[in-house]
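There are 2 protein chains.
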Amino acid sequence: MNFPEKIVLCEVGLRDGLQNEKTPIQTSDKLELAKAVIASGIRVIELGSFVSPKAVPQTADTDALYEALGEIPGVEMRALIANLRGVDRAVKCGCKKVKLNVSASRAHNLANLNKTPEESVAGFADCVQMAKDNGIAISGSISMPFGSPWEASIPITDVMTIAEAYLAVGVDEISLSDASGMAVPSQVWDITTQMKKKYPQVSWWLHFHNTRGMAVANIIAAMDAGITQFDTSFAGLGGCPFVPGAAGNVASEDVVHMCDGMGVSTGVDIDRCIAVAKRVCELVGHATDSYILRAGKSKDLIRDLPTKQAKNGTGK
Amino acid sequence: MNFPEKIVLCEVGLRDGLQNEKTPIQTSDKLELAKAVIASGIRVIELGSFVSPKAVPQTADTDALYEALGEIPGVEMRALIANLRGVDRAVKCGCKKVKLNVSASRAHNLANLNKTPEESVAGFADCVQMAKDNGIAISGSISMPFGSPWEASIPITDVMTIAEAYLAVGVDEISLSDASGMAVPSQVWDITTQMKKKYPQVSWWLHFHNTRGMAVANIIAAMDAGITQFDTSFAGLGGCPFVPGAAGNVASEDVVHMCDGMGVSTGVDIDRCIAVAKRVCELVGHATDSYILRAGKSKDLIRDLPTKQAKNGTGK
Numbered sequence: 348m349n350f351p352e353k354i355v356l357c358e359v360g361l362r363d364g365l366q367n368e369k370t371p372i373q374t375s376d377k378l379e380l381a382k383a384v385i386a387s388g389i390r391v392i393e394l395g396s397f398v399s400p401k402a403v404p405q406t407a408d409t410d411a412l413y414e415a416l417g418e419i420p421g422v423e424m425r426a427l428i429a430n431l432r433g434v435d436r437a438v439k440c441g442c443k444k445v446k447l448n449v450s451a452s453r454a455h456n457l458a459n460l461n462k463t464p465e466e467s468v469a470g471f472a473d474c475v476q477m478a479k480d481n482g483i484a485i486s487g488s489i490s491m492p493f494g495s496p497w498e499a500s501i502p503i504t505d506v507m508t509i510a511e512a513y514l515a516v517g518v519d520e521i522s523l524s525d526a527s528g529m530a531v532p533s534q535v536w537d538i539t540t541q542m543k544k545k546y547p548q549v550s551w552w553l554h555f556h557n558t559r560g561m562a563v564a565n566i567i568a569a570m571d572a573g574i575t576q577f578d579t580s581f582a583g584l585g586g587c588p589f590v591p592g593a594a595g596n597v598a599s600e601d602v603v604h605m606c607d608g609m610g611v612s613t614g615v616d617i618d619r620c621i622a623v624a625k626r627v628c629e630l631v632g633h634a635t636d637s638y639i640l641r642a643g644k645s646k647d648l649i650r651d652l653p654t655k656q657a658k659n660g661t662g663k
Numbered sequence: 348m349n350f351p352e353k354i355v356l357c358e359v360g361l362r363d364g365l366q367n368e369k370t371p372i373q374t375s376d377k378l379e380l381a382k383a384v385i386a387s388g389i390r391v392i393e394l395g396s397f398v399s400p401k402a403v404p405q406t407a408d409t410d411a412l413y414e415a416l417g418e419i420p421g422v423e424m425r426a427l428i429a430n431l432r433g434v435d436r437a438v439k440c441g442c443k444k445v446k447l448n449v450s451a452s453r454a455h456n457l458a459n460l461n462k463t464p465e466e467s468v469a470g471f472a473d474c475v476q477m478a479k480d481n482g483i484a485i486s487g488s489i490s491m492p493f494g495s496p497w498e499a500s501i502p503i504t505d506v507m508t509i510a511e512a513y514l515a516v517g518v519d520e521i522s523l524s525d526a527s528g529m530a531v532p533s534q535v536w537d538i539t540t541q542m543k544k545k546y547p548q549v550s551w552w553l554h555f556h557n558t559r560g561m562a563v564a565n566i567i568a569a570m571d572a573g574i575t576q577f578d579t580s581f582a583g584l585g586g587c588p589f590v591p592g593a594a595g596n597v598a599s600e601d602v603v604h605m606c607d608g609m610g611v612s613t614g615v616d617i618d619r620c621i622a623v624a625k626r627v628c629e630l631v632g633h634a635t636d637s638y639i640l641r642a643g644k645s646k647d648l649i650r651d652l653p654t655k656q657a658k659n660g661t662g663k
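Heads up: the protein sequence lines correspond to chains A and B, in order.
Residue 348 is where the first sequence starts when you use my numbering, and the numbers rise one by one after that.
Residue 348 is where the second sequence starts when you use my numbering, and the numbers rise one by one after that.
Hints are computed from structural coordinates only; laboratory data are not their basis.
One should not assume that every hint holds.
If chains are identical, the list can't say which one is meant, so a pair holds when it fits in one copy or spans any two.
Here are the simulated DSBU-like cross-link-like pairs (lysine-lysine), alpha carbons at most 30 Å apart as the crow flies [what the hints assert, rightly or not]:
(1) Lys544 <-> Lys353
(2) Lys369 <-> Lys625
(3) Lys646 <-> Lys439
(4) Lys543 <-> Lys439
(5) Lys353 <-> Lys543
(6) Lys644 <-> Lys353
(7) Lys646 <-> Lys462
(8) Lys462 <-> Lys625
(9) Lys369 <-> Lys544
(10) Lys353 <-> Lys369
(11) Lys479 <-> Lys644
(12) Lys382 <-> Lys544
(13) Lys462 <-> Lys369
(14) Lys401 <-> Lys543
(15) Lys544 <-> Lys401
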C-alpha cells in the first residue's frame, strides 16, 4: 500500500459535531475550543454554519466566533452556507472561506427540491460570484456519494456530473461526505481513484462518519488512492442523520494517533488533541465514541506497564 | 487496492470473547450459540480452551462443549492449549484442532519464563507430537507481533524467528494476534507482505482487537496484502488485557457487513450473524462495541427510509 508522507485534517467538531448535541455550548466555550484546536496544530477548522438559526440553533453564534477570532495567519476557518444570505453573513463577520453542500441522491433532490443535484449546484452560481467578489474562498461538498438512504447505490457518473456542475460554477475544491456511514473501503478506493484521475484540477476532501465502524478503514483506502485531506471531529462527536444514537464523525484523536503510528504527518500534537477531546466531553456532558479517550495511546501503554507489572510482581 | 474474492472467518467469541466476561454463561447457552454460529455459515470456530479452570473459569466447560457437539462435517472447532495437559483433554473429549500461543515480546518472555519466545515454541514439540499421534491438527499463535506493552517495537526479525521455531516443531498454521490493539495498517501490510513472501508454506491467520479503533482498517490492509483468514468475535466481545474497559475483538457482524458491501464473500449470512450477536448481548447482559448492532445494516436504511420520509411528509 502507498501512504502519503503527510495529510491535512479539518477539525469539523465545532460544526458537524456540536450540531448533533442537545446541550447548548456557550460561545465562550466554543472560542476556547477553537483556540485549543488551533494550538494543537490544526490548520483547517470548520467553525460553524451560516444557515437558519431556527433549523440549526447550535451554530447560530458562528458570526460571533469569526468576530472574536479575527484572521489567524496560516489558519483556514470555514463555515457552511446554503444560499446568498450565508455569503452575506460571511462578508459581515470577516469569514474568508465558505462551503456549499448538495446531496448526491437524485431521488432525494427531486422529491424535496424538484431539482437534480447538478441543477442545485448550478443554482449556487450567485453564491460563488458574491463570495469571490468579496474575497471569500468557496468550496463544495457532495454528501452521500457512496450510498444514500434513498437509493440502493449512487452511480459514479452521477457523482461526476455533480463535480462537473461545481467546476462549471467555479468551485474546484470538493468534499465527498459519507454522512450516512454507508461507504466501504473498496468503493472509496475505486471512486477516489477515478475522481482524482478524471478531475486532477480538483482539491479533494473526504468526510467519513463511523456509523458502521468503517471510517478509519475508509481513510486508509482513500490515503492509498492518494487523498490527503480529511475531515475529523474532536472526541468523535457527530451522528448519522438517519440513525439516532449512532456513532458520529471519525474522531480526530483516533486518526492523529493512527497517523503518528504510521509515520504519516498530520502536524497535530496528539496530547493537545486528546486534551481538546476530553474538554469536549466535559462540555457536552457525556462520553463519546473515541477509542483513544477510552484506551489511551499505544505509547502510554508501553510507558506505564513496567510499573504495573512490578506492582503485581509478575514482571520485571 | 486488491481485495480477495473470499475470506474465511473464525468466530472466537466463545473463547476470547466470553473469557473477558464476568457473568458466567451456562454450557447450554454456549451450545446454543455455537450451533447458531455454525448455522450462520461460519466454518471455523474457537470453542474454548483447555487451560487451568482456575486461571480461566469461563472456559472450564470446553470439554463438555466438544462432547455435546460431536464432530460436524466441514466445520473446524479449535481450542487453545498451553501444554500437554491441554492435548490430553482434547484427546479425551474428541477435539480435533488445538492452538498454541506465545508472546512475541522477548522482554516479557525472559522476565516471566526465563525463555526467549522461540525457546518457548521449541518446548511445544511434545504437544505437537502428542496431538499428531492422536489425529489432532495443531496451529500456533504469536501474540503482539505488532507491538507489545513491554517494548517500543517488535523487530520483524523476532517474529520471523518465532515463525521458524513453529515450523521447526511441525506447526505451519500461524496466527498473528494483536491482543493489545497496537497494530497500525501500514505495519500490518508490511509485516504480512514480508511474512507471506518469506514463508509461503504457512497458512496465516490475523487476529485484531479494536482497542484503538484500527481493527477494521488493519483487516483491510491485511486483505490487500493477500491475507484471507481472520478471527472475529460475535458482538465485538473481548477486551484488551492491558486496558480495562477497552473495546474488544473486532465484531463478526461488522466485518461480515463490510465484506458484503465490498463483494468479498465470507460465506456468512449477515442476518443470522446479527441475530447471534443480539443473543450474546442478552446473555452477557450489556451492550457491546458492535457498530452494526447499533446502526443496523446499510441496506436496512435504504429499505426503511421511504416510509419514514412519507410519515414526515418531507420525501416521496
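Hint by hint, here is what the structure shows:
1. Lys544 <-> Lys353: both (20 Å within a copy, 29 Å between copies)
2. Lys369 <-> Lys625: both (18 Å within a copy, 29 Å between copies)
3. Lys646 <-> Lys439: So lysine 646 and lysine 439 fail the 30 Å test inside a copy (46 Å) and across (44 Å) alike.
4. Lys543 <-> Lys439: Cα proximity of lysine 543 and lysine 439: none, with 35 Å in one copy and 60 Å across.
5. Lys353 <-> Lys543: The answer is both: 18 Å in one copy and 28 Å across copies each meet 30 Å.
6. Lys644 <-> Lys353: within (20 Å within a copy, 33 Å between copies)
7. Lys646 <-> Lys462: between (52 Å within a copy, 25 Å between copies)
8. Lys462 <-> Lys625: Neither. Shortest intra-copy (43 Å) and inter-copy (42 Å) distances fail the 30 Å Cα cut-off.
9. Lys369 <-> Lys544: neither (42 Å within a copy, 53 Å between copies)
10. Lys353 <-> Lys369: Answer is neither: 35 Å inside a copy and 43 Å across each miss the 30 Å cutoff.
11. Lys479 <-> Lys644: Neither. Shortest intra-copy (43 Å) and inter-copy (42 Å) distances fail the 30 Å Cα cut-off.
12. Lys382 <-> Lys544: neither (37 Å within a copy, 49 Å between copies)
13. Lys462 <-> Lys369: neither (32 Å within a copy, 56 Å between copies)
14. Lys401 <-> Lys543: Intra 38 Å, inter 58 Å, cutoff 30 Å: neither.
15. Lys544 <-> Lys401: Answer is neither; intra-copy 41 Å and inter-copy 60 Å both fail.
When the structure is compared with the earlier hints, violations turn up for hints 3, 4, 8, 9, 10, 11, 12, 13, 14 and 15 and for no others.
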